[in-house]
Amino acid sequence: MLIRKLFRTAWSYKAQFISMVIMMTLGIGVFLGFNMEWKTIEYDTSRFFNDTKYADYRLYSETGFTKDELEKIASIEGVNDATRYLSVNLDIKGSSKKSMALDVSENFTVSTFTLISGKEYDENIDGIWLSDKFADANNILIGDTLTLEFQGTEIKSEVVGLIKSGEHMICVADNNQLMPDFSSYGYAYISPYKLKTVLSKKIINNIAEELEKAGIPSETAKKQAEMSLTDEMLSKATDKAFSQINLRSDIKKAELEDEVSKKLGRTLVGVIGCMILLVGGLEMRDTMAGFLDLLDNGVSHYTTKVNLVENTDLQMANSIITDLNADWESYSGISIDGYTATLDIVNNKKELFSVINEDNKPIKMKDDGVYLCLRLADKGKIGEYIEFSPYGSEETYRVKVIGYNRSIMTESVTMTDKLAEKLGIKYSVSTLYTKKASTEISSSDLISGKQDKQQLMDSFGSFVQIMDSMVIILVVAAVILGIVVLYNLGIMSYVERSRELATLKVLGFRSKKIGRLLISQNIWITVIGIIVGLPAGLATLKWLLLSLASEYELKLMLGVLTYSVSILLTFGVSLIVGWMVARKNKKIDMVEALKNAE
Amino acid sequence: MSIVQFENVSRIYKSGEHELRALNGVSFTLDEGKFVVILGPSGAGKSTLLNLLGGLDSPSEGTITVSGMDISKLSDNELADYRASTVGFVFQFYNLIPTLTVYENVKLVSEISKNALDAKDMISKVGLLDHLSSFPSELSGGEQQRISIARALCKNPKILLCDEPTGALDSETGVMILKILMDMSKNYGKTIVIVTHNQNIAKMADVVIRVKNGKIKSIDNQENPLSADEVEW
Ligand SMILES: Nc1ncnc2c1ncn2[C@@H]1O[C@H](COP(=O)(O)OP(=O)(O)OP(=O)(O)O)[C@@H](O)[C@H]1O
Ligand SMILES: [Mg+2]
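Sequence lines, in order, name chains A and B. When the letters of the first sequence are read in order and numbered with our numbering, they come out as residues 1 to 598. When the letters of the second sequence are read in order and numbered with our numbering, they come out as residues 1 to 233.
Be careful, since some hints might not be right.
Unchecked claim - Straight-line alpha carbon distances no greater than 27 Å define the calculated DSSO-like cross-link-like pairs of lysine-lysine that follow:
# : chain 1 : residue 1 : chain 2 : residue 2
1 : A       : Lys513    : B       : Lys73
2 : A       : Lys119    : A       : Lys133
3 : B       : Lys73     : A       : Lys586
What the hints assert, rightly or not - From the structure, some residues in chain A lie toward chain B, with a derived Cβ separation under 10 Å:
#  : residue
4  : Lys201
5  : Ile203
6  : Val506
7  : Gly508
8  : Phe509
9  : Lys513
10 : Arg516
11 : Val591
12 : Leu594
The hints are simulated quantities; they were obtained by calculation from the structure and are not laboratory data. Keep in mind that this is a model prediction, so the values were computed, not measured. Heads up, the beta-carbon is just placed ideally off N, CA and C, and yes, glycines get one too.
Sequences are here, hints too, so could you generate the full structure?
What follows is the structure, encoded as structure tokens:
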């Protein structure tokens, strides 16, 4: 009988009920690391991006940009500032595990940095401006000398300033690294002047090498090489080095692409818009952990990932591939009806990395069509044909869609190398995957960088740890909040119901029985709250994930632990509150409660 | 045979130094099956007396014996069991559970009373079989009071205690309620104790107890009480 009463009254506990739902949502949300700081972070970052003149667009060209081309682009109406830009990944000499991005902003009007300490930027000095966080993590001080290595050429310089840059707000070694790990990867700026000296040195070294091959003794070869360096050679090398033009502009991407190809009379590898990625601390913990696991066990079975320099075709790469017994992948920009995507050509016969389906299971790839990543699913149904055109090429290819895959980072069209061969697509090998450790891999001009999977995993791991302790704090806060809210609601409805409870007592119900009723009522409300709250919480999170991190094709992965902890938590809180209210019931004064008219 | 016995019963409310004797050394006995009316001005201590008898409250001094059992020193649980088995309460404001139907409100007591009567029978006795599945809010005040009487009777108590049962009702409805109560006393041998301000109701009583300032002023046995219909409102 009383149970019936309980269900009928459920509606009058809607406040409790709603708070239960909110608690569930919060509980799960908290567990996934959703926090309120987002707004302030967003505010601060946007100001920071503005201060460091974060580029709105980046134009890429494999052949680089000339000064003349820069001027043409700068003259496009709506382009406020533009600079030739260079950003390369370099190894730090003397430590195989550390690397960094080295940037040059030629006229320093776009993609600049703010100085934290040291010398102001000066385009004519031979110094290095280093990321303050990287300096911190590696105990590097102003005045120290850094030696970097780029394709065999040393770059030696004194650290003159510590900086922060919007361009490297999310400072990651490559697409597969989600979180910055400043102990192993950082960034630095040098002046165009310094770039010039480095390029000169590299040209001279190359010429000297050629001469030595021709049998000239190295001393003489070096001298001759120095003599033969011309301004023209240097300026050509500089043009080629600046493979990027970064610009600040409010005009739309399509419009810009149009204008650029009109002005330059050629298509570019790509025009990429502003990419604000996830900011640290906003990641969803479980999704991250699942992602980690996926990366570790699902996608990758390699030990080291080797990035090759641009334009390395299969023939050139072949000896390294055989040497490393490697699987490989090629990334390039394509346009599908004007929509920019990545063409991912895959050779993973050795299964050192996998292309995965929606359920995170490896796909056995076939050669008669392409796989679209889930975000491109609207471009074509399975069995339909799509057309795409590589950037920098007039060709259009028509291919059948034979499946969908989950792409972790890029919006991609994936095919096997066999199919690429059959279609006659020209491609270069971007990345090799090998079982060999990075120390076992001998250096080569073709290798632009190496990456240890373990190192990558470790950087995730430390991030997950931080998330964990943050989560604990938030959970404690959520529990306290839950108890306060539910208790107050319980007491409030208790006062409202004290007359009813007193009536039951007068009829002869023992306090204990009424207490049990109150607790079981709470339990039922909680059960319903959980049934409703769980999907509501999930939906909220999905929405958050979509709106905050649409660049990532992360599947919302919830561990059993998260479910059970948030359910137990909610249950526990509601039991405690039920018990507290039941205790109060014992002390109810029947005479008092029934004295007044309603 | 006496069913209720008050011996020098006092109920004292203390507030700091001040001491208020709501009941002050009250002694009397009541015989089984009587229709008893307690009269007295406001604040006299009528409700206090009824609450002590009903086991809602315990006396500060003295002993109360009901059916041979001393109820003045029972524990909370024992008192609850006493209320469940021996007494039924009817209030001026009916105190039905708003989320339960008429039938469920009455049936509810069978969860605690060992010798509960059939809920439908009780509802039929108060003439509301048509309203079994109505909710209290759908009933008139008189109908609600009848249900609350049915609920009290369903426990099959020896004593029915009514604190101003007609206080919130018009005269016609009040008469109907009194008729039911009278019937319970005459035909089922229940002891009925009614607290009221209304002098006229006293004319129906076998026994009239007058209370003033926490003391009993008089106890009168009436040889020829009027029937409910004869009472002038
Ligand atoms: N909880 C309490 N604390 C202090 N004094 C109380 C309390 N309850 C009742 N009293 C006092 O006890 C006396 C008797 O109260 P009681 O309720 O029994 O009066 P009553 O005869 O029922 O009056 P009425 O006809 O107005 O209902 C009153 O003077 C009242 O002020
Ligand atoms: Mg009273």
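May I ask you to test the interface hint for A:Arg516 with respect to chain B, counting a Cβ-Cβ separation under 10 Å as satisfied?
Result: violated, 12 Å to nearest chain B Cβ.
Could you check if A:Lys201 really has its C-beta closer than 10 Å to a C-beta on chain B?
88 Å, violated
Is the interface hint for A:Val591 satisfied, with its Cβ closer than 10 Å to some Cβ of chain B?
5 Å, holds
Is the interface hint satisfied for A:Lys513? The criterion is a beta-carbon contact with chain B at less than 10 Å.
OK, holds: A:Lys513 within 10 Å of chain B, min 8 Å.
Hint validity - A:Phe509 Cβ closer than 10 Å to any chain B Cβ:
6 Å, holds
When the nearest CB of chain B is found for A:Leu594, is that gap smaller than 10 Å?
6 Å, holds
Hint validity - A:Ile203 Cβ closer than 10 Å to any chain B Cβ:
90 Å, violated
Hint check: 10 Å Cβ-Cβ cutoff, A:Val506 to chain B
Interface hint status for A:Val506: holds (5 Å vs cutoff 10 Å).
Agreement of A:Lys119 and A:Lys133 with the hint, judged by alpha carbon distance not exceeding 27 Å
17 Å, holds
Next pair to validate is B:Lys73 with A:Lys586; report whether the Cα-Cα distance is within 27 Å.
OK: B:Lys73 and A:Lys586 at ~18 Å, within 27 Å.
Would the hint linking A:Lys513 and B:Lys73 be met if the CA-CA limit is 27 Å?
22 Å, holds
Given hint A:Gly508 near chain B, where the shortest CB pair must fall under 10 Å:
At about 3 Å, which falls below the 10 Å cut-off, the nearest Cβ of chain B leaves the hint on A:Gly508 intact, so it holds.
Comparing the model with each numbered hint stated earlier shows that hints 4, 5, 10 do not hold.
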